[in-house]
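Chains A and B, in that order, give the protein sequences.
For the first sequence, the positions run 1 to 94 when my numbering is used.
For the second sequence, the positions run 1 to 173 when my numbering is used.
Calculated from the structure, these hints are not laboratory results.
Just so you know, these numbers come straight off a predicted model, no measurement behind them.
Treat the hints with care, since some could be wrong.
[Claimed, not checked] Derived CB-CB ranges, DEER-like: (1) A:Q78 / B:I128: 37 to 47 Å; (2) B:K101 / A:A54: 43 to 53 Å; (3) A:Q78 / B:F144: 41 to 51 Å.
[Unchecked claim] The calculated EDC-like cross-link candidates involving lysine to aspartate or glutamate, where the alpha carbons are at most 16 Å apart (straight line), are: (4) B:K103 / B:E93; (5) B:K97 / B:D107; (6) A:K36 / B:E152; (7) B:K97 / A:E85; (8) B:K101 / A:E85; (9) B:K115 / B:E154; (10) B:K167 / A:E85; (11) B:K165 / A:E85; (12) B:K115 / B:E152; (13) A:K36 / A:E85.
Using N, Cα and C, we set each Cβ at its ideal position, and we do this for glycine too.
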Amino acid sequence: MTEQLMMTTVLAESKQPFARMRTRYDYLMSYFPMWKNHLRFRTAMYMCALLGGAMLFIEPLASPFLLAGAAYFHERMQQARALIESGRMVMIGN
Amino acid sequence: MTSLTEARKMLTPRQAEKAGDTWLGTKSYAGGSWTGPINPMMADNIRSDNTQNPMPESNDNLVPIYLPATLNEKGMSGGKEPVNTVKVMTRGEYMDKCMGKGKFHGDTGVNAVYKFYAYAWVMVAITIIVAFLWGPYFAAIPAFLAGTYWSEKEVSTAWDIQWLKSKMLVHMS
C-alpha cells in the first residue's frame with residue numbers, strides 16, 4: 001500500500017505564537033546593536049584599507065596585515081547587514 | 001481510548017505564553033486563523049484546548065487596526081490609501097526607514113539625532129573660540145546655530161524615537 005504524504009504547515013501545534021505584536025520602538029531596539037556593529041565594521045574596513053594602502057609606501061611589511069584586516073571587516077560588515085536585510089516581514093500600523 | 005496524539009499532548013506541557021504576545025490569527029473576529037477555518041480532517045493536529053481565544057483579553061493587546069477588504073473612494077486620505085491601514089514591509093526596509101538611511105542631509109531618522117547632537121556641540125566649541133578671538137557679538141552667530149541644532153535634535157528624538165513607543169508592529173516570530 002502506498003503511503004500518501006501531504007505537506008502541510010500545521011500552525012495550531014506551534015509552541016509559540018505565529019505572529020507577535022510589539023511596539024515599533026522595541027523592535028527597533030532589538031536590531032539596533034546589529035546596526036551599530038554594521039557601522040563599526042564599515043568604519044574599521046575603510047580605516048584598514050586606507051592605512052594598508054598608505055603603508056605600501058611607508059612600511060610595506062605592515063600593509064598585508066592591514067589589507068587582510070580590511071577583508072575581515074568587510075565580511076563582518078556584510079554579515080551584520082545580511083541579518084538586518086533578511087526578508088522577514090513586518091507589519092506596521094499607519 | 002486515548003490516542004497516541006492525545007497521550008503525547010498530555011505528556012508535554014503546553015508552553016506558557018509570554019505577556020505581550022498576541023495570537024492574532026486566533027482572535028474571535030479572525031474566524032479561525034489566517035489559514036482558514038479549522039479542517040476536521042486534520043483534527044489530530046489541532047490542539048484540544050481553547051484555540052479560539054487562548055489568552056484572556058486585556059487592554060494591552062487590543063490595538064485597533066483597520067484592515068480594508070475593498071478599496072474604494074470612501075475613507076481615502078489624499079486619494080491614495082485609506083487611513084489607518086497596515087503597511088507590510090521587510091525588516092531591512094523598516095530599519096532603513098527608522099534610521100533614515102540615505103538621507104544624511106535630511107532631518108528624519110535616528111541618524112538625524114546623532115548628527116544634530118554632534119553639530120550642536122561643534123557649534124558650542126566654535127562659539128567659545130570666536131568669543132575669545134573676535135568678541136561676543138560675532139559669537140552670537142554660532143551660538144544661535146548651536147541652539148537651532150539642539151532644537152532639531154530634540155525634535156528628531158521626539159518623532160524618531162519617542163513616538164515609536166506608542167505605535168504597534170506585528171512580526172513573524
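For each hint, the structure was consulted:
Separation of Q78 of chain A from I128 of chain B is about 42 Å and conforms to the stated range, judged on CB atoms against 37 to 47 Å. At roughly 30 Å, the beta-carbon separation of K101 of chain B and A54 of chain A lies outside the given 43 to 53 Å, and the hint is violated. A hinted range of 41 to 51 Å holds for the C-beta pair Q78 of chain A and F144 of chain B, which are about 43 Å apart. Distance check on the hinted pair: K103 of chain B and E93 of chain B sit about 14 Å apart at the alpha-carbon level, within 16 Å; holds.
Annotation: proposed proximity of K97 of chain B to D107 of chain B holds, straight-line Cα distance about 12 Å (limit 16 Å). Between the alpha carbons of K36 of chain A and E152 of chain B the distance comes to roughly 22 Å, so the proposed pair goes past 16 Å and is violated. The straight-line distance between the Cα atoms of K97 of chain B and E85 of chain A is roughly 12 Å, inside the 16 Å bound, and the hint therefore holds. Under the criterion of a C-alpha separation no larger than 16 Å, the hint pairing K101 of chain B with E85 of chain A is consistent with the structure, at around 13 Å.
Only pairs whose Cα atoms come within 16 Å are accepted, and K115 of chain B paired with E154 of chain B is accepted, the gap being roughly 12 Å. Straight-line distance between C-alpha atoms of K167 of chain B and E85 of chain A comes to about 22 Å, which puts the hinted pair past the 16 Å bound. In summary, the hint linking K165 of chain B to E85 of chain A is not supported, as the alpha carbons are separated by about 23 Å, beyond the 16 Å threshold. At most 16 Å may separate the alpha-carbon atoms for a hinted pair to count; K115 of chain B and E152 of chain B meet this at roughly 10 Å.
Annotation: proposed proximity of K36 of chain A to E85 of chain A holds, straight-line Cα distance about 14 Å (limit 16 Å).
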